[in-house]
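Colleague: Sequence:
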Amino acid sequence: MTGSPAQIPALPALGTTWYKRGVRYWLRRIATAVLWLSVLAFLCYIELRLYLGVPRTDLPPTVRRVWDVVQAIMCSAALVWGWVKQRRELRKGLLDPPTPKQAQAARRGQSTRAPGLARAAVLPALIVAPVLPAILAYAVSWFVAWLTVREYPSEVGARRWLQEHSSGT
Numbered sequence: 001m002t003g004s005p006a007q008i009p010a011l012p013a014l015g016t017t018w019y020k021r022g023v024r025y026w027l028r029r030i031a032t033a034v035l036w037l038s039v040l041a042f043l044c045y046i047e048l049r050l051y052l053g054v055p056r057t058d059l060p061p062t063v064r065r066v067w068d069v070v071q072a073i074m075c076s077a078a079l080v081w082g083w084v085k086q087r088r089e090l091r092k093g094l095l096d097p098p099t100p101k102q103a104q105a106a107r108r109g110q111s112t113r114a115p116g117l118a119r120a121a122v123l124p125a126l127i128v129a130p131v132l133p134a135i136l137a138y139a140v141s142w143f144v145a146w147l148t149v150r151e152y153p154s155e156v157g158a159r160r161w162l163q164e165h166s167s168g169t
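Counting in this note's numbering, the sequence shown runs from 1 upward without gaps.
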């Protein structure tokens, strides 16, 4: 490879640290994991407080027990489903990894949609409150699967792009 460090493309959330995968790279990955897991832990805490609140306490003991078992089954299924879905998406992304420009465009598209989606999700979240534990279980497993991958598809795509452009083709 004859490329200079100035030619290394910056990837969303990783910058140019993906190229050498040194201490700065792993610090970025760890910081991302800590941030997302903190947000998810906070959301799970809020959901637990909501779950233990008024609707559940108004149920008779036998119905409450059935309700808890159904919630546990739904959460377990959602944990598995989220993990499997994310791993399939990552595998698919590794088969056809995005170029650095595609990765940046995808990141820009996600960041412009997120605020609107968050506001739009408030009312449906109240409606789906009974299944919110399962939704959060899905989100937790999806993010853990995303955070524990060895190499992101954007890194693979950037390495391929760099090989193609540094060899003179």
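Be a bit skeptical, because a hint or two may be false.
[Stated by the list, open to error] Below, simulated SDA-like cross-link-like pairs (lysine to any residue); rule was C-alpha separation at most 25 Å, straight line: (1) Lys20 to Ser166; (2) Lys20 to Ala10; (3) Lys92 to Ala139; (4) Lys92 to Ala106; (5) Lys92 to Tyr25; (6) Lys92 to Arg49; (7) Lys85 to Arg150; (8) Lys20 to Ala33; (9) Lys92 to Arg150; (10) Lys92 to Cys44; (11) Lys92 to Tyr45.
Hints were generated in silico from the structure; no laboratory data involved.
Just so you know, these numbers come straight off a predicted model, no measurement behind them.
Colleague: Run every hint past the structure and note whether it holds.
Modeller: A quick look at each hint next to the structure:
no.: 1; hint: Lys20 to Ser166; verdict: holds (16 Å)
no.: 2; hint: Lys20 to Ala10; verdict: holds (12 Å)
no.: 3; hint: Lys92 to Ala139; verdict: holds (19 Å)
no.: 4; hint: Lys92 to Ala106; verdict: holds (16 Å)
no.: 5; hint: Lys92 to Tyr25; verdict: holds (23 Å)
no.: 6; hint: Lys92 to Arg49; verdict: violated (37 Å)
no.: 7; hint: Lys85 to Arg150; verdict: holds (17 Å)
no.: 8; hint: Lys20 to Ala33; verdict: holds (20 Å)
no.: 9; hint: Lys92 to Arg150; verdict: holds (15 Å)
no.: 10; hint: Lys92 to Cys44; verdict: violated (29 Å)
no.: 11; hint: Lys92 to Tyr45; verdict: violated (33 Å)
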